[in-house]
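2 protein chains.
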Amino acid sequence: MKDLSATKLIALVGMCDGKEQYLAHLLANRMDVEIYSIKKFYSHLFEATLYPDLCFLDMSEDVSRSFMLLGSLKTLNIPTICILPSGIGLALELRCLSGGAYDVMYWPESKSEILKKTDFIFHNTIFEQLVFDKHVNREKHVSDKDNIDTLMHQILSSLSVSIDAKDSYTQGHSLRVALYSTILGKECGLDDESLTLLHYSALMHDIGKIGMPDAVLRKPGKLSDEERKIIQTHPTIGYDILKTITLMPDMSLVARFHHERWDGTGYPDGLDGVDIPLYARIVSIADAFDAMTSERSYRKPLTFEEAGKEILACKGTQFDPQLVEISSDIIQRYISNGKVLTFDDVLSTTA
Amino acid sequence: MKDLSATKLIALVGMCDGKEQYLAHLLANRMDVEIYSIKKFYSHLFEATLYPDLCFLDMSEDVSRSFMLLGSLKTLNIPTICILPSGIGLALELRCLSGGAYDVMYWPESKSEILKKTDFIFHNTIFEQLVFDKHVNREKHVSDKDNIDTLMHQILSSLSVSIDAKDSYTQGHSLRVALYSTILGKECGLDDESLTLLHYSALMHDIGKIGMPDAVLRKPGKLSDEERKIIQTHPTIGYDILKTITLMPDMSLVARFHHERWDGTGYPDGLDGVDIPLYARIVSIADAFDAMTSERSYRKPLTFEEAGKEILACKGTQFDPQLVEISSDIIQRYISNGKVLTFDDVLSTTA
Numbered sequence: 001m002k003d004l005s006a007t008k009l010i011a012l013v014g015m016c017d018g019k020e021q022y023l024a025h026l027l028a029n030r031m032d033v034e035i036y037s038i039k040k041f042y043s044h045l046f047e048a049t050l051y052p053d054l055c056f057l058d059m060s061e062d063v064s065r066s067f068m069l070l071g072s073l074k075t076l077n078i079p080t081i082c083i084l085p086s087g088i089g090l091a092l093e094l095r096c097l098s099g100g101a102y103d104v105m106y107w108p109e110s111k112s113e114i115l116k117k118t119d120f121i122f123h124n125t126i127f128e129q130l131v132f133d134k135h136v137n138r139e140k141h142v143s144d145k146d147n148i149d150t151l152m153h154q155i156l157s158s159l160s161v162s163i164d165a166k167d168s169y170t171q172g173h174s175l176r177v178a179l180y181s182t183i184l185g186k187e188c189g190l191d192d193e194s195l196t197l198l199h200y201s202a203l204m205h206d207i208g209k210i211g212m213p214d215a216v217l218r219k220p221g222k223l224s225d226e227e228r229k230i231i232q233t234h235p236t237i238g239y240d241i242l243k244t245i246t247l248m249p250d251m252s253l254v255a256r257f258h259h260e261r262w263d264g265t266g267y268p269d270g271l272d273g274v275d276i277p278l279y280a281r282i283v284s285i286a287d288a289f290d291a292m293t294s295e296r297s298y299r300k301p302l303t304f305e306e307a308g309k310e311i312l313a314c315k316g317t318q319f320d321p322q323l324v325e326i327s328s329d330i331i332q333r334y335i336s337n338g339k340v341l342t343f344d345d346v347l348s349t350t351a
Numbered sequence: 001m002k003d004l005s006a007t008k009l010i011a012l013v014g015m016c017d018g019k020e021q022y023l024a025h026l027l028a029n030r031m032d033v034e035i036y037s038i039k040k041f042y043s044h045l046f047e048a049t050l051y052p053d054l055c056f057l058d059m060s061e062d063v064s065r066s067f068m069l070l071g072s073l074k075t076l077n078i079p080t081i082c083i084l085p086s087g088i089g090l091a092l093e094l095r096c097l098s099g100g101a102y103d104v105m106y107w108p109e110s111k112s113e114i115l116k117k118t119d120f121i122f123h124n125t126i127f128e129q130l131v132f133d134k135h136v137n138r139e140k141h142v143s144d145k146d147n148i149d150t151l152m153h154q155i156l157s158s159l160s161v162s163i164d165a166k167d168s169y170t171q172g173h174s175l176r177v178a179l180y181s182t183i184l185g186k187e188c189g190l191d192d193e194s195l196t197l198l199h200y201s202a203l204m205h206d207i208g209k210i211g212m213p214d215a216v217l218r219k220p221g222k223l224s225d226e227e228r229k230i231i232q233t234h235p236t237i238g239y240d241i242l243k244t245i246t247l248m249p250d251m252s253l254v255a256r257f258h259h260e261r262w263d264g265t266g267y268p269d270g271l272d273g274v275d276i277p278l279y280a281r282i283v284s285i286a287d288a289f290d291a292m293t294s295e296r297s298y299r300k301p302l303t304f305e306e307a308g309k310e311i312l313a314c315k316g317t318q319f320d321p322q323l324v325e326i327s328s329d330i331i332q333r334y335i336s337n338g339k340v341l342t343f344d345d346v347l348s349t350t351a
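So the protein sequences, as listed, match chains C and X.
For the first sequence, full-length UniProt numbering assigns the number 1 to the initial residue and increments by one for each residue that follows.
For the second sequence, full-length UniProt numbering assigns the number 1 to the initial residue and increments by one for each residue that follows.
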């Protein structure tokens with residue numbers, strides 16, 4: 001887990017009109033931020049004296065050199081967000097995306113949108129580090145296998161974002177659950193292939209929510225018994241959607257069993273103990289942890305420390321006791337002196 | 001397109017309690033149906049004198065031999081639906097799916113559900129034939145590349161079914177649009193890799209509908225101006241979801257541009273002519289064709305012939321004139337003596 005907690009370096013390149021001050025101020029308390037002209041940045045890359053984790057590239061001034069730089073960043077596997085002037089045609093956006101941009105952003109852009117895009121990229125690159133150790137073995141040429149893993153990851157991540165968008169209180173939930181599950185799975189000793197399957201399965205665990213009525217899913221506050229019964233059908237609906245993916249049966253099983261409990265009082269099938277598939281037991285903890293540490297309409301988020309205590313309290317009833325032990329160890333590592341930690345802190349702390 | 005219109009052979013194997021009569025009656029006017037005991041069927045397979053397109057396998061009597069047979073069917077790449085007694089535990093269902101079943105079905109089952117599952121499988125196998133010619137080159141051992149294509153296809157098909165489920169009138173819409181698009185693309189001379197990309201893009205063209213409110217999407221009857229404006233945001237929402245799949249940029253472009261018109265009066269960007277990407281122009285025709293030939297709350301479906309005339313009438317205004325010509329040729333081949341043809345007929349006719 002060496003890289004997970006390392007401070008990220010963000011490069012702001014070719015900025016004009018004060019964007020660099022705005023971005024540097026916004027991101028500085030979460031990451032290291034450095035500001036470069038296109039020319040200086042290019043020479044740093046050329047001499048390999050710099051390897052940022054993310055690059056914001058302003059496309060509004062020196063367009064042709066910006067595109068040259070974009071191509072180099074793509075080759076170097078450095079995720080880049082291109083910043084475009086608002087009101088410009090779609091053609092430039094498409095050129096950026098086909099030229100290798102990870103995402104584009106029209107300026108001015110809201111703080112929450114900038115942070116959302118930044119987190120999405122870091123989630124993805126952290127997953128890649130966790131599973132593929134790409135930061136260690138940087139290779140110029142990506143093999144077909146890597147391409148396919150990346151493609152599957154891109155597809156399932158994108159879809160998970162659209163699943164979460166159904167529910168006003170779960171933005172980024174599936175991405176975080178997938179990240180937490182992968183951390184926990186890695187600590188359990190799963191190999192890379194298993195971690196990838198676990199990650200995919202976790203990204204899709206809530207897909208059954210696509211079938212839930214908006215009125216129930218978006219209801220602020222607590223649900224009635226009737227509404228809770230409707231929500232509790234999402235695991236079987238998810239299972240029915242995913243079971244035709246016979247080449248990855250784990251995806252449907254995680255969707256179906258992530259609300260089962262170790263003591264057999266969960267739903268939909270009341271399985272208990274190790275009859276619940278391992279991946280579903282892992283996702284169950286990650287899911288509960290993220291729900292507790294995220295904001296809901298009727299309560300404030302718990303701190304990581306508080307949520308860790310809740311997980312521990314459910315050892316052997318709701319959760320697999322062995323997995324609870326491992327989770328507690330992991331959570332301890334992310335708690336520093338009673339500070340209220342959040343997902344963003346996990347991404348940015350140097351703990 | 002040789003296999004597309006060939007009559008399908010369905011084998012009903014090991015049936016008890018009159019299931020075979022029920023299924024044979026239900027399916028007989030669409031496909032050739034033959035009834036076998038497990039033993040007789042096994043020996044036919046063993047001697048390679050039989051190669052059905054789909055197998056219904058009853059798991060309620062001779063369980064252990066049924067599972068042996070299931071393994072052989074998987075090896076032979078013959079899609080199989082296992083029939084389980086209602087009220088039986090989940091364990092048997094999971095064993096069937098992990099043992100190679102394409103799907104399971106609890107008995108008794110409604111006619112519409114049986115037809116839905118049958119069509120889903122035929123859609124998938126027809127796609128494989130169209131693109132990979134698997135019926136011609138049956139190989140015992142599937143290569144990694146085939147596995148990945150199959151996996152991607154399974155994932156995107158499953159998700160497309162869940163997109164369509166959002167809207168009460170679009171069951172199977174994305175699967176049919178993907179099939180029609182692939183037929184049209186093949187006729188345009190696209191190579192296999194392009195056809196696969198086109199197929200994936202078509203499966204996902206309506207993904208932006210996940211973000212639409214139920215009240216609008218499920219409204220029976222015509223939409224108000226305000227509601228139509230909401231629905232018309234689905235291409236950009238779909239584009240935003242899919243644009244992070246940078247390894248397959250076509251997916252996001254088809255989502256964004258499938259409601260553009262050749263004459264520039266479409267939405268969201270008002271592109272015209274060949275500025276609209278080719279795949280989007282193809283999906284646009286397939287999309288309109290399926291909408292016209294499917295039932296809506298406020299009108300009956302058009303016949304293939306009627307829909308073909310409508311497409312022709314929009315040559316050069318809504319649709320690419322060259323693609324309209326090719327489409328008309330294809331549609332002509334599926335029209336027989338004024339009969340009211342449906343999607344099911346395309347699957348089953350020997351035309």
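To be clear, the hints were calculated from the coordinates, so they are not data collected in a lab.
You may find that some hints are simply not true.
Put simply, identical chains are the same to the list, so a pair is met inside one copy or across any two.
[Claimed, not checked] The list that follows gives simulated cross-link-like pairs (lysine-lysine, BS3-like), each with its CA atoms no further than 27 Å apart: (1) Lys74 <-> Lys300; (2) Lys166 <-> Lys309; (3) Lys186 <-> Lys39; (4) Lys40 <-> Lys74; (5) Lys219 <-> Lys229; (6) Lys111 <-> Lys222; (7) Lys39 <-> Lys219; (8) Lys19 <-> Lys117; (9) Lys229 <-> Lys166; (10) Lys229 <-> Lys8; (11) Lys186 <-> Lys116; (12) Lys39 <-> Lys8; (13) Lys40 <-> Lys222; (14) Lys166 <-> Lys219; (15) Lys219 <-> Lys315; (16) Lys300 <-> Lys19; (17) Lys166 <-> Lys222.
Please read all numbers here as calculations on a predicted model, not as lab measurements.
To see whether the hints hold, each was checked on the structure:
{"no.": "1", "hint": "Lys74 <-> Lys300", "in the structure": "neither (40 Å within a copy, 51 Å between copies)"}
{"no.": "2", "hint": "Lys166 <-> Lys309", "in the structure": "neither (30 Å within a copy, 39 Å between copies)"}
{"no.": "3", "hint": "Lys186 <-> Lys39", "in the structure": "neither (41 Å within a copy, 47 Å between copies)"}
{"no.": "4", "hint": "Lys40 <-> Lys74", "in the structure": "within (18 Å within a copy, 59 Å between copies)"}
{"no.": "5", "hint": "Lys219 <-> Lys229", "in the structure": "both (14 Å within a copy, 24 Å between copies)"}
{"no.": "6", "hint": "Lys111 <-> Lys222", "in the structure": "neither (30 Å within a copy, 39 Å between copies)"}
{"no.": "7", "hint": "Lys39 <-> Lys219", "in the structure": "neither (52 Å within a copy, 56 Å between copies)"}
{"no.": "8", "hint": "Lys19 <-> Lys117", "in the structure": "within (16 Å within a copy, 54 Å between copies)"}
{"no.": "9", "hint": "Lys229 <-> Lys166", "in the structure": "both (18 Å within a copy, 19 Å between copies)"}
{"no.": "10", "hint": "Lys229 <-> Lys8", "in the structure": "neither (43 Å within a copy, 42 Å between copies)"}
{"no.": "11", "hint": "Lys186 <-> Lys116", "in the structure": "within (26 Å within a copy, 40 Å between copies)"}
{"no.": "12", "hint": "Lys39 <-> Lys8", "in the structure": "within (22 Å within a copy, 64 Å between copies)"}
{"no.": "13", "hint": "Lys40 <-> Lys222", "in the structure": "neither (55 Å within a copy, 58 Å between copies)"}
{"no.": "14", "hint": "Lys166 <-> Lys219", "in the structure": "both (11 Å within a copy, 18 Å between copies)"}
{"no.": "15", "hint": "Lys219 <-> Lys315", "in the structure": "neither (31 Å within a copy, 46 Å between copies)"}
{"no.": "16", "hint": "Lys300 <-> Lys19", "in the structure": "neither (33 Å within a copy, 56 Å between copies)"}
{"no.": "17", "hint": "Lys166 <-> Lys222", "in the structure": "both (17 Å within a copy, 24 Å between copies)"}
Checked against the numbered hints above, the structure violates hints 1, 2, 3, 6, 7, 10, 13, 15 and 16; every other hint is satisfied.
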